[in-house]
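Protein chains: 2
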Amino acid sequence: MFVLHSQLAKDCTVIGDLSLCRVLLMNDARFPWLILVPQREEITEVFELSALDQRLLWEEVSAVAAALAGHTRAHKMNIATLGNVVPQLHVHVIARRHQDAAWPAPVWGAGAPEPYDEAALTTVVEALTDLLVTQGLQRA
Amino acid sequence: MFVLHSQLAKDCTVIGDLSLCRVLLMNDARFPWLILVPQREEITEVFELSALDQRLLWEEVSAVAAALAGHTRAHKMNIATLGNVVPQLHVHVIARRHQDAAWPAPVWGAGAPEPYDEAALTTVVEALTDLLVTQGLQRA
Chain V
13 MFVLHSQLAK DCTVIGDLSL CRVLLMNDAR FPWLILVPQR EEITEVFELS
63 ALDQRLLWEE VSAVAAALAG HTRAHKMNIA TLGNVVPQLH VHVIARRHQD
113 AAWPAPVWGA GAPEPYDEAA LTTVVEALTD LLVTQGLQRA
Chain Y
13 MFVLHSQLAK DCTVIGDLSL CRVLLMNDAR FPWLILVPQR EEITEVFELS
63 ALDQRLLWEE VSAVAAALAG HTRAHKMNIA TLGNVVPQLH VHVIARRHQD
113 AAWPAPVWGA GAPEPYDEAA LTTVVEALTD LLVTQGLQRA
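If you're matching them up, the sequences are chains V and Y in order. My numbering numbers the first residue of the first sequence as 13 and each following residue consecutively. My numbering numbers the first residue of the second sequence as 13 and each following residue consecutively.
No wet-lab data here; the hints were simulated from the structure. Every value quoted in this text rests on a predicted model; they were computed, and no experiment measured them. Idealized CB from N, CA, C, for every residue including glycine. Incorrect hints may have been included.
Have a look at the derived ranges for each label pair, beta carbon to beta carbon [said to hold, decoys possible]:
#1 V/129 - Y/145: 24 to 32 Å
#2 Y/132 - V/151: 47 to 55 Å
#3 Y/125 - V/122: 13 to 21 Å
#4 Y/13 - V/109: 39 to 47 Å
#5 Y/29 - V/137: 38 to 46 Å
#6 Y/122 - V/135: 30 to 38 Å
#7 V/129 - Y/19: 34 to 42 Å
#8 V/146 - Y/62: 30 to 38 Å
#9 V/135 - Y/138: 52 to 60 Å
#10 V/142 - Y/138: 47 to 55 Å
#11 Y/21 - V/137: 21 to 29 Å
#12 Y/131 - V/53: 42 to 50 Å
Computed list of chain V residues with no C-beta within reach of chain Y, every gap over 10 Å [stated by the list, open to error]:
#13 18
#14 22
#15 57
#16 66
#17 67
#18 96
Same shape as in the complex, but just chain V (with noise of 0.2 Å):
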């Protein structure tokens, strides 16, 4: 049985499950940063996936990914799997900005998480989950 990583649970809020990867708000208001997770048991590598799986991720990972990009005009997309201190195979989806914390470094490292307080984080994950509603990618 799928059962998402504990860090990732302490990390994130979940927005919704596509059809193979459950999506996460990583708790981090600088960056707006989605981490798609398959919903798939002891998995820590994409080609470990079933060729099915692969591809279903790369499509979600797209379409969020898009879709993500145009809600926030972000200037690039960062996309990445990296699982050097969770396993469990996750990818992120950050929309960066030319003025954002870190640019033009990667997120990792880049000083201390700054959490959404708890008003900005329910409007934040509802916007989310109509954007990936209306994307068609998550049932309402």
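Place chain Y on chain V using the hints.
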């Protein structure tokens, strides 16, 4: 016409061409670090590629990552497309080990690159070319 970005040409050595991507070796002996560049013009985001090219890109990335993981006995593969500095779409495929110079941090911004010496570069390029040919990714 596809032209490799000058910064990638400067930092890397060409290994060869797959169906879609040119495969480069980053000239940093600290990490087995390949870069796949779709041979398409004026593309900066994955979702700007056609659906077919996107599928090809990720199939090539996954296959190269699996091959490099086996070849290097990596503990973890890092796969990322950032493009904050070099806008031409390119995907990093990096074999990470628990003892490497940056572990568990990402490789970007972690100290200074250590270029291969000429003999080592020749050896590594030959080994990686053999690997891609053996895996059926690249023509001999």
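message = For the hint 39 to 47 Å, verify it against the beta carbon of residue 13 of chain Y and that of residue 109 of chain V.
response = 31 Å, violated
inquiry  = Checking a non-interface call: every C-beta of chain Y should be farther than 10 Å from the C-beta of residue 67 of chain V. Is that right?
reply    = 7 Å, violated
request  = Could you say whether the range 38 to 46 Å given as a hint is met by the Cβ separation of residue 29 of chain Y and residue 137 of chain V?
outcome  = 44 Å, holds
query = Is it the case that residue 96 of chain V keeps its Cβ farther than 10 Å from each residue Cβ in chain Y?
reply = 4 Å, violated
request  = Kindly confirm whether 42 to 50 Å is satisfied by the beta carbon distance between residue 131 of chain Y and residue 53 of chain V.
outcome  = At 45 Å between Cβs, range holds.
query = Does residue 57 of chain V sit more than 10 Å from chain Y, CB to CB?
reply = At roughly 6 Å from the nearest Cβ of chain Y, residue 57 of chain V sits no farther out than 10 Å, so the non-interface label is violated.
ask   = Taking the minimum C-beta separation from residue 18 of chain V to chain Y, is that value above 10 Å?
value = 17 Å, holds
CB-CB spacing for residue 62 of chain Y and residue 146 of chain V relative to the 30 to 38 Å hint = Hint violated: Cβ distance 23 Å, outside 30 to 38 Å.
query = Would you say the C-beta atoms of residue 129 of chain V and residue 145 of chain Y sit inside 24 to 32 Å of each other?
reply = Given a distance of about 55 Å, which is not inside 24 to 32 Å, the answer is violated.
key: Status of the given 21 to 29 Å range, CB of residue 137 of chain V versus CB of residue 21 of chain Y   = Roughly 43 Å apart at Cβ, these two residues miss the hinted range, so it is violated.
Assertion that residue 22 of chain V lies farther than 10 Å from chain Y (Cβ) = Nearest chain Y Cβ is 17 Å from residue 22 of chain V, so the label holds.
key: Outcome for the supplied range 34 to 42 Å, where the beta carbon pair is residue 129 of chain V and residue 19 of chain Y   = 40 Å, holds
Hint check: violations occur at hints 1, 4, 8, 11, 15, 16, 17 and 18; the rest are consistent with the structure.
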